[in-house]
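A.B. asks: Read off the chains here:
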Amino acid sequence: MMKPGQLASTDLMERARLLTALYVAQEQYGHLTDEAIERVAERLHMAPGKVYETATFYSMYRMEPMGRYVIQVCEGLSCHLAGGAERLLDHLVEKLSIQPGATTEDGVFSLVAVECLAACDASPAMRVNDTLYTDLTFDEVDSILDRLGGR
Amino acid sequence: MFEPILLRRADLPRSETIDVYLANGGYQALPKALAASPEDLIDLVKRSKLRGRGGAGFPSGLKWGFMPKEDVTKFLAVNTDEGEPGTFKDRKLIEEDPHQVIEGAIIASYAVGARHVFVYIRGEFFLGVKRWNKAINDAYAHGYLGEDILGSGYSLDMTVHRGAGAYICGEETAMLNSLEGKRGEPRLKPPYPAQAGYHQAPTLVHNVETLANIPHIVLHGAEWYRSIGTENSTGPKVFCVSGHVYRRGVYELPLGTPLSTIIYDYAGGVPGGKKLKAVIPGGASTPFVTAGDVDVPMDFESLDAIGSALGTGAIVVMDEDTCMVDVALRAARFFAHESCGKCTPCRVGGRRIVDLLEGITEGRGQAGELDKLYSLCDGIAGKTFCPMGDAMVAPVQSSLDLFVVEYERHLDGGCAAAH
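Those protein sequence lines, which keep their order, are chains A and B.
Everything in the first sequence is counted per the working numbering, starting at 1 for the first residue and increasing by one.
Everything in the second sequence is counted per the working numbering, starting at 152 for the first residue and increasing by one.
The shape of chain A in the complex, shown without the other chains (with noise of 0.2 angstroms):
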């Protein structure tokens, strides 16, 4: 059994910042590309394939490029059952003529179908990057796309 301080002198206590090295690697990199992976690596004192397995377990970490403004919609089940979920989904696709999945021409915005923000006492709920929005009406949701996008 370890003794009082010895985790904190060793590579393991860095370790548990893997996954917040991770989300600022994405930050400066934009999605976690090859040399972002080896940076983090580096960084940490781990291998490059150590750092690629865990980030590739985790659904927030970006291996793929994706628009500036990611949008999550939940399509949880209490949102689904408060009934605006899908509406609320049909209206981003025609609004971005983007299915669910892709991103904008522009690389301005991605949109996503997620399950659960944990806002399901005011659904419908999206999320814009780090902003929550709650009980949303398509009038609010059109002046946030316009905020953003310029649409």
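If you are wondering where the hints come from, they were derived from the structure by calculation, not from laboratory data.
Positions of the beta carbon are idealized from the N, C-alpha and C atoms, including for glycine.
Check each hint, because a few of them may be wrong.
[Stated by the list, open to error] Pairwise CB distance ranges, derived in the manner of DEER restraints:
#1 A:Arg43 x B:Arg398: 47 to 55 angstroms
#2 A:Glu14 x B:Ser378: 41 to 49 angstroms
#3 A:Asp130 x B:Val556: 43 to 51 angstroms
#4 A:His31 x B:Glu559: 44 to 52 angstroms
Position chain B relative to chain A; hints supplied.
C.D. replies: Positioned in the frame of chain A, the structure of chain B alone reads:
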């Protein structure tokens, strides 16, 4: 009317700040706890009969007692990876009153001799991360964290770690792997985290809501705490209500409050004068409760007794027009998507269930497919590496058990629910 305990500050302006917390009874339990011995605190929590609020309902005091007494490196991990569909209580608790959870975490750490707290928070909770970080910084500035807390000689650090979109990381051993920078796959138990957790060091893992209870127990005592709730399900519970009700939201009530009271008296009942068909009582992984059982007391034992579970206390209400096959499909999709892929019954079985349910709801169902569904459920439940398999099967198996007529209607090309 029950006077909220855990949410009593939640609606105050700037409730997330340390000023509001201090002005409303905050950080008063901490000096009291630091003046007591760790053994007394463990005994206190045992006597309170507090049970974990993350879903499993394990007695918290017992868990504290499992932590080794020796002075070795120990950790506390705060599970803020709330992802069970229908659940949004922990988000509320940390966004609105983070210091309550921090105070609980400090007391728990002191009781078990942990010197570092990992806060593992769901990656999507951007506001929650901000609030946690700000609150932790303020707690350091006030001397509630760091070296020699309040002159007690006890020192503790706390750091926030963002998850990155994986439901399975709510499972405690998967969370520990994720904290270690690995794929969030569950570990074999035993050993339990209290024996071998973060990098094999003894680690106490608690849900946010569980820790929020601790300062109140320290301040008011075990007897007071046991006076709330039922004999074996003590204390208040933050219930999340969503689906077909007038007023969706969180409601803090004593454990043992009848489900019907929560739905009708607090959440305003089913809109449009419609009848209630079914309720998910504790998040998507708990079996359905039918209208006939809607008076069931919301506590661990009563829900067990009718074949369901309290889970996270996330109540999802479905009215008479709801297609239960469609609900089963939605739930199955979630679990199939979130399967970590480590073991076959969950990884492949989940996908097969979704394929069958899609076929059935889209009118392509074949005779004999219900038997296939039953057999898939049987091949997954209890046969997976972690509880994810049981979670995945619950909504499907329970809809088959309770609403098989609706499946049969689909096989005949119809739908029992009026759309």
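A.B. asks: Please test the hint of 43 to 51 angstroms on the beta carbon pair from Asp130 of chain A and Val556 of chain B.
C.D. replies: holds (46 angstroms)
A.B. asks: May I ask you to test the hint 47 to 55 angstroms on the CB atoms belonging to Arg43 of chain A and Arg398 of chain B?
C.D. replies: holds (49 angstroms)
A.B. asks: If you check the beta carbons of Glu14 of chain A and Ser378 of chain B, does the distance land in 41 to 49 angstroms?
C.D. replies: holds (47 angstroms)
A.B. asks: Regarding His31 of chain A and Glu559 of chain B, is the given constraint of 44 to 52 angstroms on their beta-carbon distance met?
C.D. replies: For His31 of chain A and Glu559 of chain B the Cβ distance comes to about 47 angstroms; the hint holds.
The earlier numbered hints are all upheld by this structure, with none contradicted.
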